[in-house]
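All chains, please: the whole structure from these sequences, using the hints.
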Amino acid sequence: MTDGMSRVWGSARSFGAFWYDFVIGDDWRVAAGVVIGLLVTYGVSQTSVPAWWILPVGVAAFLGGSLWRASRKARLAKRRSS
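In my numbering, the protein residues as written are 15 to 96.
Hints may contain errors.
Label pairs and their in silico Cβ distance ranges [stated by the list, open to error]:
| no. | residue 1 | residue 2 | range |
| --- | --- | --- | --- |
| 1 | Arg89 | Pro64 | 31 to 41 Å |
| 2 | Ser59 | Phe36 | 24 to 34 Å |
| 3 | Phe36 | Ala74 | 37 to 47 Å |
With a cut-off of at most 25 Å between alpha-carbon atoms, the simulated SDA-like pairs for lysine to any residue come out as follows [to be verified]:
| no. | residue 1 | residue 2 |
| --- | --- | --- |
| 4 | Lys92 | Ser80 |
| 5 | Lys92 | Arg43 |
| 6 | Lys87 | Asp40 |
| 7 | Lys92 | Asp40 |
| 8 | Lys87 | Ala26 |
| 9 | Lys87 | Trp66 |
| 10 | Lys92 | Val73 |
| 11 | Lys87 | Ile68 |
| 12 | Lys87 | Ala45 |
| 13 | Lys87 | Ala74 |
| 14 | Lys87 | Gly18 |
| 15 | Lys92 | Leu77 |
| 16 | Lys87 | Val73 |
| 17 | Lys87 | Leu53 |
| 18 | Lys87 | Val37 |
| 19 | Lys87 | Ala46 |
| 20 | Lys87 | Gly47 |
| 21 | Lys87 | Phe76 |
| 22 | Lys92 | Trp82 |
| 23 | Lys92 | Ala46 |
| 24 | Lys87 | Val48 |
FYI, nobody ran anything at the bench for these hints, they're computed from the structure. Keep in mind the model is a prediction, meaning the values are calculated, not measured. Cβ coordinates follow ideal geometry from the N, Cα and C atoms, glycine included.
What follows is the structure, encoded as structure tokens:
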């Protein structure tokens, strides 16, 4: 590969890695939940039912689940170390 092409490829990989880390982050379940919430919101918006409330409720539920898993993991680690 040429030097210029190598730099372009490296930049593209860095850009992709940034967005992967930004969107997926520490918990892929939250990212999947947001995508599912967006899809459900879109689906409901195509009907006559108001859809504004679906995404906030979904985000709150997935955030709660993520916090519960993180605190559970911390409690288990604390028990093992003592």
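Output the numbers, in ascending order, of every earlier hint that fails for this structure. When the structure is compared with the hints, numbers 3, 8, 9, 10, 11, 14, 17 and 23 turn out to be violated.
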